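A.B. asks: Residues per chain, in single letters:
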Amino acid sequence: MRFFNRNSLNVLTKKKLMLLFLSALFILPLASPSRFYMVLFSEVLIWALLALSYDLALGYTGLVGFGHAALFGVGAYAAALLLRMDYSFFLAIPAAMLFGGLIGAVYGVFTRRVGGIYYALVTLAFSEVIFLVFSKLVDLSGGETGISVPRPDFLRSDVILYFAIAVSVFVVIVLLVTVVKDLRGGTGPRKARIVYLALAIAFLAVLFFMIPSKLSLITEGSMRDRTTTISTMNIYYFLALIPLFLCYLVANRIVNSPLGHIFIAIRENEERTKMLGYNVFNYKILSSTISGIFAGLAGALYAPFILSINPSSVLGSTITINVLLYSILGGLGTLIGPMIGAGIITILADELTGVPYIGQYWMLVLGVFYLLVILFLPYGIVNTLRFKGTSFRQTLKKLASSIRPSGNRKTDK
Amino acid sequence: MIDPSLIFPAIIDGLAFAMLLFLIASGFSIIFGLLGILNFAHGAFFMLGAYMGVTIFQFSGNFVLALIGGSLFGLVLGMVVEFLTLRRIRGNPIAQIMLTLGYLLIFTQIVLIIWGRISYIFYPMGLTGPTIVFGYTLSVYRVFLIVFGLVAALLTYVFLTRTRLGTIVRAGTEDSEMVEALGINVKRIFTLVFGFGTALATLGGVVAVPWLAASPDMGTTWLFISLVVTVVGGLGSFKGAFYGSLFIGILHTLSEYFFPQVTFVIDFLAMTVVLLLRPEGFFGEKK
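Chains as they are written, first to last, in the numbering used here: chain A, 1 to 413; chain B, 1 to 287.
Hints were generated in silico from the structure; no laboratory data involved. If a hint is listed, it holds; no wrong ones were tucked in.
Calculated Cβ distances over 12 Å to all of chain B for the following chain A residues:
id : residue
1  : Leu98
2  : Pro152
3  : Leu204
4  : Arg253
5  : Ile344
Keeping only pairs whose Cα atoms sit at most 20 Å apart, straight-line, the calculated EDC-like set for lysine to aspartate or glutamate is:
id : chain 1 : residue 1 : chain 2 : residue 2
6  : B       : Lys187    : B       : Glu177
7  : B       : Lys239    : B       : Glu174
8  : A       : Lys136    : B       : Asp217
9  : B       : Lys239    : B       : Asp175
10 : B       : Lys187    : B       : Asp175
11 : A       : Lys136    : B       : Glu256
Derived list of chain A stretches under chain B, where covered just means 3 residues or more per stretch with a C-beta under 8 Å from a C-beta of chain B:
id : stretch
12 : 116-124
13 : 324-334
Keep in mind the model is a prediction, meaning the values are calculated, not measured. Positions of the beta carbon are idealized from the N, C-alpha and C atoms, including for glycine.
Work the whole structure out from these sequences, hints included.
C.D. replies: In C-alpha cells:
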C-alpha cells in the first residue's frame, strides 16, 4: 500500500478527502435504499459522539475513568423526562448537556484525591451508585420496564426533506467548484490529485443518478410513495449527524489549541506540567466537564432515538465497556479513531446477528474479536496507521516489536 | 423497625457471605499486588467455578470432588489465560483491563451456551438443613461456610508467610524487578500466582452454589463486589482482603436484612467514600 503513505497525502488533499467523506455522510439518506440502514447509521453516529466525548478525557488528558455510563445515562434521562413533560427538544438538549457536564465536573473534582487506577475505580463506583439509585427510584426511571420517550414534534414534518435537498445541492456545488479548480491548475502531488478527482467525479455521477429519481418520486409520486421515501431517509439521521459534526469541530479545535496541548502535557507528564506552572487540577476538571457535556448530548440524542430507556440500557456498565472498546479499537487520542471504532463495532454487532449458524453466538464472536483486537492492535487502528513507518510492512514490524512482552515493567501511569 | 432477634442470624449470614467474598477478593488482591493487573475476569472465574462444581456434583454426587475439581480447573484456566494472553500485553494497563473484560464477556457467553439461562443449585450431603446455635435456628451450610472460609484464609496466610514461594510472592508485590534481579524467574511466578488466584475464585464459586445458586449474571455481580472489598481493604493487600471482606460482608447483609432499599448502593457508597478519604484502603500502602 505504498500509494497511500504519509508523504503522498499532503494536508490539502487530506482536507479534500475529508470533505468528500463528509459530503458522503450528508447525502447518504438521499441514496439509501432502505430505512433499516439509516436507523443503523443513526445509532452509529450517536455512539460515535459518545466515543468522541470519552476520547477527550481518556485519550487526550489521560483520565482513565470507568464511569462514562453515568454521563450518558443522566443526559438520556434528563432529555427523556423533559420530553415527557412536553418541553421542547431544544430545551431538553441543553438540559442534558448541563447534567452531563455537572457529573463530568464531579469526576474532575475526584482527581484532586485520587489518580490512576483509583480514579478509574472511584468513577466506576460513582456511576454504579447513580445506576442503582435510578433503578430503585421506580417513579422517576420506570425501573426495569423503563419509560417511553416521545419523539420531538418537529421530526414529523417535511422540513427534513427540504433540508436534505438543500444540503445535497450545496455539496454538489462545493464538489464541482473543487473539481473545476483542481482541473484548472491545482497543487500537490499528482497521484493524490488524481485519486481525489476520480473519487469526486464518481461521487458526483452517483448523485446525478440518485437524486432525480428520489425527487421525482416525491414530487410526482403518490402520497404513499412520498411518505415511504421520506421515511427511508430516516429523519433521525440528520439529528445525530449535525451535532456530531459540530462536536467534532469543537473537539478538533480544542485539541489543536494551547488548551489541548496542556491536556496532552498532563497525559504525558503530570508532574512536569505542574512544575511549568499550570494548575493541573483545574485543567482536569475542564477536560472532564467538556467530556461530560458531549456525553450528555449523546444521551439526549439517544433517548428519543431508541424511544424507550431503562436504567440498565443507558446507565449500566455495558455502556462504559462499549465505549472503552470503541476507543481501544479505533485508537486513543485521535478523535477520529474512537468514532471509527464505534462504527465498526456497532455495524459488526448488527450484521453478525443475521449470519446463519454463528448468528446466535454473535456475542461470543464479538468477545473473541475484542480479544484479538486487544492482543494484536493494542494501540488501535488509527494509531497503528500513524506509526511513522513508510510502508505497511514496516508499520507491522514496529507494531510487533511494541507489543512483545518487555520483562516485568510495572507501569504506574 | 430493626427486629433485635434478627441481628444474630444477620451477623452469621454476614460472616458466611464475608467468607465467600474473601475467597474471591483474596485472589483478586494478590493478582493486583503482584502482577499489577486489575482482573475484571475474576467474577467470571468465580461463575465458571460455580458451574464446574454443579456439573461435577451432578456426575459424581461428591461435594469434596466438586471442590477439588473446581479449584484444579481454576488453577489450569488461570495459568493458561495468563500464559497465552495477559503476558503479551504487560505494561499496558488499559489493554490488560480490556482483555480481562473481554474474558468476562466470553465466559458469560460460554456459560449461557453450555448451561443456559436457568440457575443451578445442589445440596451436599450432611450439610443441609437447620441447626440450633445459642437458641437461634441457623442453616448448617452457612456455619460450614464460615469454618471453611476461615480454614482457607489460614491456609493461604500460612502459604504466603511460611513457604518459599509465598515469600517470593510477597517480595514480588513490594518490588518485582528486584526479585527478578535476585535470579528468580518472575514470569513463571506470575503465571503460578494468576492460576492460584483463579483457583481461589473458582473454589469460592463451588462453595457458593449450595447457598446462592449458580446463575449467568454472577460474573458481573461478583466482580463488582470483589472490587468493592479489595478497594476498601486495600488493593494488593492480603490482610486488607480479609478485613475488607468481613466489613463489606456484614455491612451488605445487614443492609439486606434491615434496609433492603439501599443494598448495593451502600457498598458502592462505602467504596467511594474510602477511595476519596483514604485511596489506598484500610491496609493498603501509600505509594
